[in-house]
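Trainee: Keeping their order, the protein sequence lines are chains X and F.
All the letters of the first sequence, read from the start, carry residue numbers 1466 to 1746 under the working numbering.
All the letters of the second sequence, read from the start, carry residue numbers 41 to 393 under the working numbering.
Just so you know, these hints were derived from the structure itself, not from any lab.
Among the clues, some could well be false.
What the hints assert, rightly or not - Which chain F residues stay away from chain X? Per the calculated CB distances, all over 10 Å, these:
#1 Arg99
#2 Thr149
#3 Ala171
#4 Tyr225
#5 Glu228
#6 Val239
#7 Val255
#8 Leu259
#9 Ser260
#10 Val261
#11 Arg264
#12 Leu267
#13 Ala275
#14 Gly280
#15 Leu281
As the list claims (entries may be wrong) - Chain X residues, not near chain F, derived (Cβ > 12 Å throughout):
#16 Thr1482
#17 Val1498
#18 Gly1539
#19 Leu1587
Said to hold, decoys possible - Interface residues of chain X toward chain F, partial, derived using beta-carbon atoms under 8 Å:
#20 Leu1483
#21 Leu1543
#22 Ala1570
#23 Leu1571
#24 Pro1573
#25 Asp1574
#26 Leu1575
#27 Leu1583
#28 Pro1685
#29 Asp1692
#30 Arg1693
#31 Arg1707
The structure displayed is predicted, hence computed values, not measured ones.
Beta carbons: idealized from backbone N, C-alpha and C, even for Gly.
For reference, the chains in residue letters:
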Amino acid sequence: MSESTITTASPAGARATLPAIETVRLTKSFGTVQALRGCSFQANPGEVTALVGDNGAGKSTLVKAMAGVYDPDGGQILVDGREVKITSPQVASALGIETVFQDLALAPDLDAASNVFLGRELRMLRILRDQREMRRRTASQFAKLGVGLVQDLRVPVASFSGGQRQSVAIARAAMWARHVIMMDEPTAALGVIQTAKVLELIHTVRDQGLAVIFISHNLPQVIEVADRIEVMRLGVRVARFRRGEADLDLLIDAISGAFANDTSDPGAAGRADQLDEGVQP
Amino acid sequence: MSRSDEPQMQGIETDTWQQLLRRLRSAPVLATFGFLLALMVFFSIKAPGKFNTGDNLTRLAQNVAILTVVSVGTTFVIAARGIDLSIPSGIILGEVFAAEALRHISVTTNGVPGKAIDVSARDTNAGYILAALGAALLAGLLIGLLNGVIVAYLRVPAMIATLGTLGAGLGVALIIRHGVNVASYALEPVANAHVIPGVTNLILIAVVVFVLGVVGLHLSVFGRHTLAIGSNEEAARRVGLRVQRHLVKVYVLGGLANGFAGFLSLAYFTTTSVGGHTTDNLQAITAVALGGTSLFGGVATMFGTLIGVWIPAVLKNGFIIIKVNPYWQMVAVGAVLVLAVWIDQLRRRGQQR
Ligand SMILES: Nc1ncnc2c1ncn2[C@@H]1O[C@H](COP(=O)(O)OP(=O)(O)OP(=O)(O)O)[C@@H](O)[C@H]1O
Ligand SMILES: [Mg+2]
């Protein structure tokens, strides 16, 4: 296991709970592009962990590795402290991990309920879809999210607005997540009301004990909702903050490389101990 | 949960008549259905007492039965954003396998030893028929499995993969039969007898297959997964569908439909047709596309496919009856196909953002 979890957890008196999900020096390359260069990351249950970083920092790649979409080249993924191989999206689902992907990953020709229940359909007579019940549950999930869908629920999501489509993806993830929910820029296309609802939802699922991973470029929003912030730069984590430790300027410094305080970045290992003092309680 | 705290949103409750009407109006399949009805009315007026007779309509139904079976399978394949050009080889291998099965069953008729393939329609029995059916389905299964594995796992484009199995399958059929057809009356009752008075079994079978197709595509989880994969394969994968395995199942389903059509063809025409059925793939794809199923996957209707099967058949039959050169049917079908898909494209472009 990496020193990051041990050194951060033990001196303060062993933390009661293990991280819900954690990556240790994860690497992933696409041809010559090194998207992840030994990236460590952790998200604790009952916390909102924001993941921030510049375009191309590797945030989506990290999320996809934890979602079973990409097979990492090296490093480890731990769920509740146990190493797991998330070799496919099915494995992630079985672990209670759900994701709102940046590209949403919806089937545009299908209606909202079919998308929300895709792969987990409610059945009648074992092989038939219980479309009515799926629609009903989708509608109440939308109501919770404050999504006013003007259209008939039967229309394909291709005819939805960008924000409505995003809501479908969020509704789906929220419906099935039991342990970890990862949201890759979930509010990018949302209106004010829907954004507030999503932030509310984030707090609700956090209070239910789930680990929420929240990616956003909206830094004031991040500072507002996150219990912890982890900053990625060029495929590694460079900084981590608890709530209240980072203001906008510090966050921008971390994103742009002017500030680093992370222990697990191989390059920063030498000065790790002193810097870490400032981060951990 | 009580009713009152549920959100008011359309589409959750059962349709009201108004909603149903609105849905129908927005459904492209209705336009095609209207066109088919218009054609039938036109020919009925032009040739009263000839086109619109029970006999003629039954004959029409009989003529389209085998293509209906094939097109039901093809609808699934195209819904998944695939294509199956190997239909003729599935059909002919189905016929040939069925014939071979019959050729290997020894029978004694009135004390004379022989083979099941040579028995008359009167002397046949369920055992022979089931053996032939099993063999035909096996042929369809094999070719469908091959298609599915090549497309889903080897990632060869479906057009090329099934073009390959088309040629290879026809070759195998010719090798097995040494290029000669064989006749058999053993299966004739399957097609030409009546379980229901006035409706030949062939028509009945086509209706049953169609209904199974409707349930399979529109009401079952399998059908929904097929459409999801056709709509966005990556999204289907990310929610945990086993996309490759499902695609294999879809091609196997298509193959089984083709093999079954071969069985029906042998029963109906009482001979194998090595060298025949060569345009059945194009006819099936035409029917599916005419019906409003998108060749880009994700959107499909089984009712549309049925209409798409009937339009060319009605045109041909009607032209013969009103003494227009029946080759005009080919021209008309070509024009209607392009027109129908164009209109559908316009509609979709208007709908999508
Ligand atoms: N499937 C892929 N094939 C090739 N390169 C990829 C792929 N996915 C990501 N990359 C590359 O990996 C790097 C990290 O990309 P990633 O999408 O993880 O960044 P990100 O932090 O999510 O950025 P953004 O904020 O713009 O969403 C980029 O250089 C990108 O080009
Ligand atoms: Mg991204």
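Trainee: Please name the hints from earlier in the document that this structure breaks, with their numbers sorted from lowest to highest.
Mentor: Numbers 7, 8, 9, 10, 11, 12, 13, 14, 15, 19, 20, 21, 28, 29, 30 and 31 - these are the hints that the structure violates, sorted from lowest upward.
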